[in-house]
Amino acid sequence: MTEAEQKIRVLIAKPGLDGHDRGAKVVARALRDAGFEVIYTGLRQTPEQIAEAALQEDVTVVGLSILSGAHMRLFPEIMKLLKERGMDDTLVIAGGIIPEDDIKPLKKLGIKAIFGPGTPTTEIVEYIRTNAK
Amino acid sequence: MTQDTRKLIKQLLKGNRRAAARLMTLAESMSPEAHAAIKQLYPHTGKAHIIGVTGPPGSGKSTLVDKLIEEFRAQGRTVGVVAVDPSSPFTGGALLGDRIRMNRFASDHDVFIRSMGSRGSLGGLAWATHDVVHILDALGKDIIIVETVGAGQAEVDIIQIAETVVLLSVPGLGDDIQTIKAGIMEIGNVFVINKADLDGADRRYAELQMALELDRKPDGWQPPILKAIATTGEGVSEVVKAIQSHHDYLIESGEIAQNRERRYCAQLETIVEHSFIRKLFVEPEEQALFQQLVQEVNERKTDPYTAAERLILHLIKQKGN
Amino acid sequence: MVTKEKSDVSQQKREWEKNTLKKTLEKSPERRERFITTSSRPIARLYSPTDMANLDYDRDLGFPGEYPYTRGVYPTMYRGRFWTMRMFAGFGTAEQTNARYRYLLEQGQTGLSVAFHLPTIQGLDSDDPMSTGEIGVCGVAIDSLADMEILFSQIPLNKVTTSMTINAPAAVLLCFYIAAAEKQGVSSTQIGGTIQNDILKEYQAQKTWIFPPDPSMRIITNTLEYCTKNVPRWNTISISGYHIREAGSTAVQELAFTLANGLAYVKAGVDAGLKVDDFAPRLSFFFDSHLDLFEEVAKFRAARRIWAREMHERFNAKSPRSYLLRFHTQTAGVSLTAQQPENNIIRTTIQALAAVLGGTQSLHTNSMDEAWALPTEKAATIALRTQQILAHESGVANTIDPLGGSYFIESLTNEMEEETYKYFDRIDKLGGVVEAIKKGFFQREIADAAFRYQREIEEKERTIVGVNDYITDDMLEIPVLKIDPEVERTQLARLRKTRKTRNNKKVDQLLSRLQKAAEGTENMLPHILAAVREYATVGEVCNALREVFGEYQEPIIF
Numbered sequence: 001m002t003e004a005e006q007k008i009r010v011l012i013a014k015p016g017l018d019g020h021d022r023g024a025k026v027v028a029r030a031l032r033d034a035g036f037e038v039i040y041t042g043l044r045q046t047p048e049q050i051a052e053a054a055l056q057e058d059v060t061v062v063g064l065s066i067l068s069g070a071h072m073r074l075f076p077e078i079m080k081l082l083k084e085r086g087m088d089d090t091l092v093i094a095g096g097i098i099p100e101d102d103i104k105p106l107k108k109l110g111i112k113a114i115f116g117p118g119t120p121t122t123e124i125v126e127y128i129r130t131n132a133k
Numbered sequence: 001m002t003q004d005t006r007k008l009i010k011q012l013l014k015g016n017r018r019a020a021a022r023l024m025t026l027a028e029s030m031s032p033e034a035h036a037a038i039k040q041l042y043p044h045t046g047k048a049h050i051i052g053v054t055g056p057p058g059s060g061k062s063t064l065v066d067k068l069i070e071e072f073r074a075q076g077r078t079v080g081v082v083a084v085d086p087s088s089p090f091t092g093g094a095l096l097g098d099r100i101r102m103n104r105f106a107s108d109h110d111v112f113i114r115s116m117g118s119r120g121s122l123g124g125l126a127w128a129t130h131d132v133v134h135i136l137d138a139l140g141k142d143i144i145i146v147e148t149v150g151a152g153q154a155e156v157d158i159i160q161i162a163e164t165v166v167l168l169s170v171p172g173l174g175d176d177i178q179t180i181k182a183g184i185m186e187i188g189n190v191f192v193i194n195k196a197d198l199d200g201a202d203r204r205y206a207e208l209q210m211a212l213e214l215d216r217k218p219d220g221w222q223p224p225i226l227k228a229i230a231t232t233g234e235g236v237s238e239v240v241k242a243i244q245s246h247h248d249y250l251i252e253s254g255e256i257a258q259n260r261e262r263r264y265c266a267q268l269e270t271i272v273e274h275s276f277i278r279k280l281f282v283e284p285e286e287q288a289l290f291q292q293l294v295q296e297v298n299e300r301k302t303d304p305y306t307a308a309e310r311l312i313l314h315l316i317k318q319k320g321n
Numbered sequence: 001m002v003t004k005e006k007s008d009v010s011q012q013k014r015e016w017e018k019n020t021l022k023k024t025l026e027k028s029p030e031r032r033e034r035f036i037t038t039s040s041r042p043i044a045r046l047y048s049p050t051d052m053a054n055l056d057y058d059r060d061l062g063f064p065g066e067y068p069y070t071r072g073v074y075p076t077m078y079r080g081r082f083w084t085m086r087m088f089a090g091f092g093t094a095e096q097t098n099a100r101y102r103y104l105l106e107q108g109q110t111g112l113s114v115a116f117h118l119p120t121i122q123g124l125d126s127d128d129p130m131s132t133g134e135i136g137v138c139g140v141a142i143d144s145l146a147d148m149e150i151l152f153s154q155i156p157l158n159k160v161t162t163s164m165t166i167n168a169p170a171a172v173l174l175c176f177y178i179a180a181a182e183k184q185g186v187s188s189t190q191i192g193g194t195i196q197n198d199i200l201k202e203y204q205a206q207k208t209w210i211f212p213p214d215p216s217m218r219i220i221t222n223t224l225e226y227c228t229k230n231v232p233r234w235n236t237i238s239i240s241g242y243h244i245r246e247a248g249s250t251a252v253q254e255l256a257f258t259l260a261n262g263l264a265y266v267k268a269g270v271d272a273g274l275k276v277d278d279f280a281p282r283l284s285f286f287f288d289s290h291l292d293l294f295e296e297v298a299k300f301r302a303a304r305r306i307w308a309r310e311m312h313e314r315f316n317a318k319s320p321r322s323y324l325l326r327f328h329t330q331t332a333g334v335s336l337t338a339q340q341p342e343n344n345i346i347r348t349t350i351q352a353l354a355a356v357l358g359g360t361q362s363l364h365t366n367s368m369d370e371a372w373a374l375p376t377e378k379a380a381t382i383a384l385r386t387q388q389i390l391a392h393e394s395g396v397a398n399t400i401d402p403l404g405g406s407y408f409i410e411s412l413t414n415e416m417e418e419e420t421y422k423y424f425d426r427i428d429k430l431g432g433v434v435e436a437i438k439k440g441f442f443q444r445e446i447a448d449a450a451f452r453y454q455r456e457i458e459e460k461e462r463t464i465v466g467v468n469d470y471i472t473d474d475m476l477e478i479p480v481l482k483i484d485p486e487v488e489r490t491q492l493a494r495l496r497k498t499r500k501t502r503n504n505k506k507v508d509q510l511l512s513r514l515q516k517a518a519e520g521t522e523n524m525l526p527h528i529l530a531a532v533r534e535y536a537t538v539g540e541v542c543n544a545l546r547e548v549f550g551e552y553q554e555p556i557i558f
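Chains as they are written, first to last, in the numbering used here: chain D, 1 to 133; chain R, 1 to 321; chain Y, 1 to 558.
Here chain D stands alone, though its shape is the one from the complex (with noise of 0.2 Å):
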């Protein structure tokens, strides 16, 4: 097997109607710099427009950022056009304004690792590398 072979593809997408990109936009720039492809899909994207992605490329990771405060509507919808695509074994982590209360019902919703504001993004990395299939 080659590096090529191996190559970690990772989707990074923004539910919600915010614009607050800059987290996105760090952890993409460091899962690049990390030697992963990183799909970026932009802002302001339906659970459709993201699971499609997700489909479409194949991704071994979805990192999910939203900062609206919609993740307890948007997410389970994610997840479950997911699964109706088959795609139940993609990794599923996300990031931004996500309060303590609902972290335990996302985790049982299948996301399995939540970055709150102030993680390191080699901490994310690892996790990717460690985690992903």
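Simulated from the structure, these hints should not be mistaken for lab results.
Glycine residues also receive a C-beta, built at the ideal position from the N, C-alpha and C atoms.
One or more hints might be untrue.
[To be verified] Derived contacts from chain D toward chain R, CB cut-off under 8 Å, selection only:
id : residue
1  : 49
2  : 85
3  : 86
With chain D's structure known, arrange chains R and Y on it following the hints.
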């Protein structure tokens, strides 16, 4: 070939998008398994019209592709897109953002968009892109658009892949006139001046016209120069018409045969060249031999020509993959 | 005489370095090799008169209330009146926010500040599929005049002033406000307030745009023109650096980009045929106040000086009111940490102090829980108390521009001014602000600064207490405000009812008339006002304009 791959091919041929996406990932790995899969698919390819869209960074390629998809869909044709962006030569990572422009087609399952990083030199961009195009073709897409950044080698790659090449240019980007002079004119079948509302569009038109005049063949296809504003969609239907005229011309004039021959020839060369190179740098046994021969040349026990002949003989003696 | 003194000082400084400093450094080196501000600006060990050798008191500083206003826009500043403590509020339905406003007014607050929910900000109705999960979450849900009437119910709009944080659809919300006032029998000449209406920084940083830059600029000049004639007490643009900074820019980028935007609006107004002194006094500014105390103070001082000079020299404004850079400040939301949230109270205090030392006209202090959600009442009260303690107990409001004359502050002020002019040159070379936006210039500058800042934290060149040092394993213990799901139902029901009970034929007619105006060159505001009086929604008005102008596609910048 594994059972899994066999299953994926079966599903792909039934139009399964997930299977197509997974086969693309396999194709990008350029492994023997991937090549076995492409061999299986190959009889199901050759139906699509393959269009290349290339131009300098910032020329609005993705925006134009987005509008092209819209036009082709309005005609009832299915569309596949391969958007290639450069990978970092240092980390091998890539930031692929071309999808941003085309997200509106997410609920239209007759549109399939795939982003690719150009990855390292070992792969050979053209090779992997070919295979991804084959997969889209086998998935049944009528139109396949390959979008590449026109910087250096990539433009030349595009004629190995596409039947019709759309070359984008923008007023005010001084450097692309240099590429025009450097022979890029020969690869374009349709020239588009995007952002034609900007100052300098007329001058760009005149420059292109002059360059084309110099290259003009006595007969055959005369590449049109079109003005467009991709963001608003202005001029896009003319671009589509020109693409279709070029395709019609290829078929009616019989030039399609030469076009194909040229592409297959380039494709074959790429595969042969990279198969050799990959062997030398990936397989441990060959790598060792290669190193040993370098050493021998270094010690002046042999000369580079003899060393190369020995390597080639060694590779030829091996069977298959 | 003066120069001699200065050369003496620089001679003495060299001797100090040789005789005193060197010995100490040899024995014990400094903590770091490089000392930098929040914006990665290197800071020297010591500032002395040599660092302000070129300072001309009269030309560069002057007196408060006099050109170039470096020391303050008013002659008495806080000795006359404290800054306005204006706290931003809005959540849930119009009814809930109305109750909060009436409570605040009973407490003696005279100005209101409206936070809208994201669908309104994006020009979408609550029943748009894109609004899922967003209704009433980040602010109050406003779809039509029907909601606006409730929002200001029992609040006399000729007595209060209202600041509305709204940009892309600002003209629509202003028309809602005018129409709501009319319902109270208050005419547009009597109302006062502010719309943010700063679309340029949306493309650069905040990213809640709708239309492409050119038609957006036209909507803004239409608004300037309309308000000059019909809503004379309205502040038409609040030119905002806040969002630029929050997106990751440095202090100088915030300063330079904001002022460049301001100058672009003035030019657009003048190009549209308005007289500069007729509308410039109605422009105000909105800055961020970050943690690096001195750099922030210098930023505010430089901003006043540059603006006065540009208005005077570039635009030939005659009215001194056109020279004044009046500004609102908000403490840096981005500096709040989710870890050990109580520490945010201290961060906010330092930032509020910087704003006051910098001469702000009004101030919003963030609540400690705002890294998580909208503030709870208790957290918001502490934030307000922070301002009151600064005003009444700290003594910093007793004198004007207390840091003026500090070697460090004056040197920083000059440095930031110079760097701002360098940015102005670069922007001019790109063809002005709008062209530079289309080329992704600002976006790239900001993204690079944000990435650098993050790297500095990860490499521990910066210490953030509780984040990369002094870490504890605490969980969030402060209560977080939650929006009741009932809000969505109420809002959707009201929207349905509005659509059912209004005269839909008339609404359609008025919207197509608006589209005609948009296609031509007529001022669009009278047509927007006519449509919203008949209860056309924000989404319907914006969609009518989307059909004409299209939607903006941002250049792809990482």
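Worksheet item: Given residue 49 of chain D as an interface hint, is the shortest Cβ-Cβ distance to chain R below 8 Å?
Response: holds (4 Å)
Discussion item. Would the hint on residue 85 of chain D be counted as holding, given a Cβ-Cβ threshold of 8 Å to chain R?
Written reply: It holds, given that the least Cβ distance between residue 85 of chain D and chain R is near 6 Å, below 8 Å.
Discussion item. Would the hint on residue 86 of chain D be counted as holding, given a Cβ-Cβ threshold of 8 Å to chain R?
Written reply: holds (5 Å)
Checked against the numbered hints listed earlier, the structure breaks none of them; every hint is satisfied.
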